[in-house]
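Chemist: Okay, here's what each chain looks like letter by letter:
2 protein chains.
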Amino acid sequence: MTVTVTAGESREAISSEELTVWRMLQRAQVRITRVLETDLLVEHDLALASYDVLTQLSESPDRRLRMNDLADRVLLSRSGLTRLVDRLQRDGLVEREACASDARGLFAVLTDDGAVRLAEATPTYLRGIRAHFLDVLDAGELRQCAAMLNKLFPAPAGEELPA
Amino acid sequence: MTVTVTAGESREAISSEELTVWRMLQRAQVRITRVLETDLLVEHDLALASYDVLTQLSESPDRRLRMNDLADRVLLSRSGLTRLVDRLQRDGLVEREACASDARGLFAVLTDDGAVRLAEATPTYLRGIRAHFLDVLDAGELRQCAAMLNKLFPAPAGEELPA
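Protein chains in written order, with this note's numbering: chain F, 1 to 163; chain R, 1 to 163.
To be clear, the hints were calculated from the coordinates, so they are not data collected in a lab.
Some hints here could point you the wrong way.
Each pair may be met inside one copy or between any two copies, as identical chains are not told apart.
[Said to hold, decoys possible] Keeping only pairs whose Cα atoms sit at most 20 Å apart, straight-line, the calculated SDA-like set for lysine to any residue is: (1) Lys-151 / Asp-69; (2) Lys-151 / Val-35; (3) Lys-151 / Ala-131; (4) Lys-151 / Arg-127.
Treat the numbers as computed from the prediction; the structure is a model and nothing was measured.
One chain only, chain F, in its complex shape (with noise of 0.2 Å):
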């Protein structure tokens, strides 16, 4: 079967094998992504993105991000980074701080219990991605992947991968 493309004065064809190879990636992403967020919820009821979030801060100059960074670097939208840390401040993971030199500015900033509910929780979310990622590639199809990513999707600076 071979789906047909018109787009614009080009006809392009995609052959369903291809179809099937972007599927694939698709359910692959969903379906690591429920497995790693069903277990730190189960054992340290956080969810994924609450993860996300206290991992960025954690990584951050004195455990601190301006909330438009933040919201790029857990690429969730502002609204929703919101949502989230208005909860993640309920349960004392995070607070918010003005900035005293920028009026614009609002940080979130990790608490204590933030750093040790990230800490108890880090060893589970590892054990995932070990699991049902790194364990089942050997070392050649890493970096094949690694390799593809790059051509994809650029690491932004600071994350690039040694060659």
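Fit chain R to the supplied structure of chain F, relying on the hints for placement.
Modeler: Relative to chain F, chain R alone:
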């Protein structure tokens, strides 16, 4: 930098290279999803999840699926799908139908308007996959990608790739 994981009795290290591959994979999936969704929203006022629902229905016998089966195929929670189908029904793209022979059964059915909207949006969707995924990788890389995805998550029956 090496992150050390303590998981039960075993200790396993995850290298920063491994963690980076994982983070790249997460980002690649989110970014490509965003790019595809933006095109679909701008050109056809369709969210990506809506496009997926219309596609699954159009590929099913009599253009209909039980809500539970549809939720599995588009990888949404049952409650998330219910809200999405509410919206698609308001827009006239999908109808709900009770199943005569099965009191538990509730179907989602693609309407003629839904089929037309799907047909209009499909070139945009396929053009996006081609530009941001298929054309970036060469044929060998696509085969590597498929092989890795098959290892990570074996494809459902009927969607296996030819060897």
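Chemist: Is it within, between, both, or neither for Lys-151 and Val-35, if the alpha carbons may be no more than 20 Å apart?
Modeler: between (27 Å within a copy, 16 Å between copies)
Chemist: Please sort Lys-151 with Asp-69 into within, between, both or neither, judging by C-alpha distance up to 20 Å.
Modeler: neither (24 Å within a copy, 35 Å between copies)
Chemist: Within, between, both or neither: how does the pair Lys-151, Ala-131 come out at a Cα-Cα threshold of 20 Å?
Modeler: For Lys-151 and Ala-131, the Cα distance is within 20 Å only across copies (12 Å; inside one copy 26 Å).
Chemist: If the cut is 20 Å between Cα atoms, do Lys-151 and Arg-127 qualify within a copy, between copies, both or neither?
Modeler: between (28 Å within a copy, 18 Å between copies)
This entry does not satisfy hint 1, going by the numbered hints stated previously; all others are met.
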